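In order, the protein sequence lines correspond to chains A and B. Read left to right, the first sequence gives residues 1 to 456 (our numbering). Read left to right, the second sequence gives residues 1 to 293 (our numbering).
Hints were generated in silico from the structure; no laboratory data involved. All values derive from a computational prediction rather than experimental measurement. Just to be clear, a hint being listed does not mean it is correct.
List of simulated lysine to any residue pairs, SDA-like, C-alpha gap at most 20 Å [stated by the list, open to error]: (1) Lys161/B x Asp175/B; (2) Lys291/A x Ile122/B; (3) Lys291/A x Phe114/B; (4) Lys410/A x Leu133/A; (5) Lys161/B x Leu151/B; (6) Lys291/A x Ile112/B; (7) Lys221/A x Ala441/A; (8) Lys291/A x Leu52/B; (9) Lys221/A x Asn456/A; (10) Lys291/A x Gly55/B; (11) Lys291/A x Met334/A; (12) Lys291/A x Glu117/B; (13) Lys291/A x Val113/B; (14) Lys291/A x Ser115/B.
Output of the computed footprint for chain B on chain A, the stretches with three or more beta carbons under 8 Å from beta carbons of chain B [claimed, not checked]: (15) 184–196; (16) 391–405.
One-sided excerpt, in silico: chain A residues whose CB lies under 8 Å from chain B [said to hold, decoys possible]: (17) Asp64; (18) Phe65; (19) Asp68; (20) Ser69; (21) Pro72; (22) Val103; (23) Gln105; (24) Gln266; (25) Val267; (26) Glu290; (27) Lys291; (28) Asn295; (29) Ser299.
Every residue gets a Cβ at the ideal spot worked out from N, C-alpha and C, and that includes glycine.
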Amino acid sequence: MPMSRMDRQRRNFVKGIGAIAATVGVAGCSSQSDGSSSSESSDSSDSGPNVLMGYGGSLTGKWDFNEDSMGPLLDMTIETINEQGGPLGGTLEMSRRDTAVQVDQARQVMQQHINQDNADFLMGYNSSTLVPLWEFIQRQEMPLITPWMGSTFKDTRGGDNGTPDDMGDDEWVWRSVPGDGVSTAAAAIGMRDRGVENFGVLNGTSAGERAWSNALIASTKPVDQLNMQRRIEVEEGKSSYQSELSRLFQGDLDLWVIAIGIQDAQVVLREWDQGGYGVPVMLENILQQEKLLENLRSSIGTPDAEMLMYSQLPSGPQKEKVREMYESYTDQDMIPWNYAAWDGIHAAMLAIERAGSASPEAIQQNIGPVTRPTEDSVEVTSFEQGKEELEAGNEINYQGATSSFNFTDKGNIATPGTTFDVSVEDATFTQDERISEEDIAEIITDPAFAEYLANN
Amino acid sequence: MVSPVQSLLFSLEFGSFIAIAALSFSVIYRVVGMINFAHGEWLTIGGYLGVLIAGQVGSILAIPIVIITSGLVGYGLARTFYRPLRRSGAGPIMLMLGSIAVGYVLRGAFRIVFSSEPRTVILPTQVYRFDAFGGFFVNSTQLLVIGMAVLVIASVHLMFKRTDVGIAMRATGSDEDLAEVCGVDTSSIRRNTWLAMSGVAGLAGFLIAASTNVFPLMGMEYLLLLIAAAILGGIGSAYGAIAGAYIIGGAVTLTTSYLPSTFTTLGTGVAFLILIVVLLIRPSGIADVEVAT
Numbered sequence: 001m002p003m004s005r006m007d008r009q010r011r012n013f014v015k016g017i018g019a020i021a022a023t024v025g026v027a028g029c030s031s032q033s034d035g036s037s038s039s040e041s042s043d044s045s046d047s048g049p050n051v052l053m054g055y056g057g058s059l060t061g062k063w064d065f066n067e068d069s070m071g072p073l074l075d076m077t078i079e080t081i082n083e084q085g086g087p088l089g090g091t092l093e094m095s096r097r098d099t100a101v102q103v104d105q106a107r108q109v110m111q112q113h114i115n116q117d118n119a120d121f122l123m124g125y126n127s128s129t130l131v132p133l134w135e136f137i138q139r140q141e142m143p144l145i146t147p148w149m150g151s152t153f154k155d156t157r158g159g160d161n162g163t164p165d166d167m168g169d170d171e172w173v174w175r176s177v178p179g180d181g182v183s184t185a186a187a188a189i190g191m192r193d194r195g196v197e198n199f200g201v202l203n204g205t206s207a208g209e210r211a212w213s214n215a216l217i218a219s220t221k222p223v224d225q226l227n228m229q230r231r232i233e234v235e236e237g238k239s240s241y242q243s244e245l246s247r248l249f250q251g252d253l254d255l256w257v258i259a260i261g262i263q264d265a266q267v268v269l270r271e272w273d274q275g276g277y278g279v280p281v282m283l284e285n286i287l288q289q290e291k292l293l294e295n296l297r298s299s300i301g302t303p304d305a306e307m308l309m310y311s312q313l314p315s316g317p318q319k320e321k322v323r324e325m326y327e328s329y330t331d332q333d334m335i336p337w338n339y340a341a342w343d344g345i346h347a348a349m350l351a352i353e354r355a356g357s358a359s360p361e362a363i364q365q366n367i368g369p370v371t372r373p374t375e376d377s378v379e380v381t382s383f384e385q386g387k388e389e390l391e392a393g394n395e396i397n398y399q400g401a402t403s404s405f406n407f408t409d410k411g412n413i414a415t416p417g418t419t420f421d422v423s424v425e426d427a428t429f430t431q432d433e434r435i436s437e438e439d440i441a442e443i444i445t446d447p448a449f450a451e452y453l454a455n456n
Numbered sequence: 001m002v003s004p005v006q007s008l009l010f011s012l013e014f015g016s017f018i019a020i021a022a023l024s025f026s027v028i029y030r031v032v033g034m035i036n037f038a039h040g041e042w043l044t045i046g047g048y049l050g051v052l053i054a055g056q057v058g059s060i061l062a063i064p065i066v067i068i069t070s071g072l073v074g075y076g077l078a079r080t081f082y083r084p085l086r087r088s089g090a091g092p093i094m095l096m097l098g099s100i101a102v103g104y105v106l107r108g109a110f111r112i113v114f115s116s117e118p119r120t121v122i123l124p125t126q127v128y129r130f131d132a133f134g135g136f137f138v139n140s141t142q143l144l145v146i147g148m149a150v151l152v153i154a155s156v157h158l159m160f161k162r163t164d165v166g167i168a169m170r171a172t173g174s175d176e177d178l179a180e181v182c183g184v185d186t187s188s189i190r191r192n193t194w195l196a197m198s199g200v201a202g203l204a205g206f207l208i209a210a211s212t213n214v215f216p217l218m219g220m221e222y223l224l225l226l227i228a229a230a231i232l233g234g235i236g237s238a239y240g241a242i243a244g245a246y247i248i249g250g251a252v253t254l255t256t257s258y259l260p261s262t263f264t265t266l267g268t269g270v271a272f273l274i275l276i277v278v279l280l281i282r283p284s285g286i287a288d289v290e291v292a293t
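With the hints as extra help, turn the sequences into a complete structure.
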């Protein structure tokens, strides 16, 4: 039966819409992830296994700007590993999926990686998704390395509990980035040294921002001089934060601290400057984004009051090498979490080499041994070098870009801290004073620090 | 305590964003007869156009250009997506679902074209400080936002009351068949409504981008608030939407300013609580839609 004109129009319209939606949908995925599953496009090697890394990241959602920097780093690391012979002579591949920083979606992504993609280990995720999913992850019995999770929740959880051969007590999550305690303890020391007495905190309500703010307040507890006068939690995504700022500055503050996503931080900082409060601000370290400063420079020029940042200091022997490689690889900004991802992937690959197997259990059992120093272990600073030493029958101790990268029993690492001078005019974060690991340890091992966190 | 005048100014600014957006949403609903769940993306379009155009001609001159281009783009989208659906016999529910799909597609497109990076319309800002009433300040951006809201509200009022197009819009919104019998070209009225109200939505997006920033999900973040304002005022009523917007703006701001700090994150929740209470007392909203514009 011939189609009527109306039917043809309708059919053409539906086809058109379908084509547009498919194009936009596919392009939307690929533009963020460089292919949601790179395993399909990678060259496979006949000489060894294809090892699949399941990466869950915030490709959309409020932290998606970080993935613009992380994406090229992941690709660069994978290429480097494969160029150096690949795991067990095979190929490292990646399936990169979007968690959108939503707990339900993150759980779904993990299940897809484990059940559909047959990933050998997991990578990515942040505090906002990992804390609520902690018990779920334990049941999966799949090693997960996170370069994002700062939360102090992780300080006492994760890793292999120092018993790599006994998986009965393993907690499966390894954190290749220093915990929030490092940056917040550095901040407390910095505030003390500046003579700050009264400070205020303005933070968002996501798990990550609350956790960082709690760690900051906990870090000030061992320092008698520091007194948190006011803390304001704010709804995210508002068009104005003037009410919150007005309320915060009702107190007589020497300094205030902001912990919120970059889109909202831009608004808050602009309104802080326009409000003329004149009180210096300290930025949460995840705001170490030159884009933030460039946007502020465009909108407010030079702020009336000083801006500060305290953070962990990537200081491993590979740091400069990785930075130079990255800068020649992409135009994106290098962010501290990139070093952590580089190290995390290397640790997993070396674990596979040591085990002679890419099974999740083998990776879990060998991450600790390749990253912890022993009397006879050889320090290595590349996958290739580690592979050679392992083939020669030696034990290795991976030395990273973030730090010397010695995983603790709970699967955490430590670094020194540092102060940054923040220049909106030049849109730069310039590293200033180094704060030693010992000084930081003094704060985060103080009972007052733990007590505050336990009660909040 | 935050000065009451200061809180009032913040409330007016916040309410003004929502008022402009809710007004355009409500008029489209009233005249065209569809709930456009992609209306937030109409705001985002205005924001991005503002960033692009203000970079070329300056922020103030950009305003009329953004209104016109947003109107054209909004109308183009409606013509591309909604008119064929309507012509193929889709009812209000199908149109509403279609608009949800359009919203998804547009958000994906924004991400591809503009990336996820937040962008801002650069607007030179002057701050004015006063010691009266416990001390308060107001800046030129806030004045622009409030001023533009007043201008839009007055213009829409005059259009509805004094122009043939406005009167025809009201007639079409009240009874399309009757309007057609009376000689109103309802098709062209729908086109004019999309053009005008897409322009107004684009202006709201421009002002948001100038006060805060624009990013692919910006419109979606405002969608619930502007729908709440429209419902609170009596959906389909332009004046009701404006009243609803300022009530919501006030509720969010005053909650943040004066309730104990534990409740500072409940601003939007309080706004929706007010919405529920008003609807329980007056199900048709603040304005009675049957007699409203």
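Evaluated hints:
no.	hint	verdict
1	Lys161/B x Asp175/B	holds, 17 Å
2	Lys291/A x Ile122/B	holds, 15 Å
3	Lys291/A x Phe114/B	holds, 14 Å
4	Lys410/A x Leu133/A	holds, 17 Å
5	Lys161/B x Leu151/B	holds, 15 Å
6	Lys291/A x Ile112/B	holds, 18 Å
7	Lys221/A x Ala441/A	holds, 14 Å
8	Lys291/A x Leu52/B	holds, 18 Å
9	Lys221/A x Asn456/A	holds, 13 Å
10	Lys291/A x Gly55/B	holds, 17 Å
11	Lys291/A x Met334/A	holds, 12 Å
12	Lys291/A x Glu117/B	holds, 8 Å
13	Lys291/A x Val113/B	holds, 18 Å
14	Lys291/A x Ser115/B	holds, 13 Å
15	184–196	violated (count 0)
16	391–405	violated (count 0)
17	Asp64	holds, 4 Å
18	Phe65	holds, 5 Å
19	Asp68	holds, 7 Å
20	Ser69	violated, 11 Å
21	Pro72	violated, 14 Å
22	Val103	violated, 18 Å
23	Gln105	violated, 15 Å
24	Gln266	holds, 6 Å
25	Val267	holds, 4 Å
26	Glu290	violated, 11 Å
27	Lys291	holds, 6 Å
28	Asn295	holds, 6 Å
29	Ser299	holds, 5 Å
Checked against the numbered hints listed earlier, the structure breaks hints 15, 16, 20, 21, 22, 23 and 26; every other hint is satisfied.
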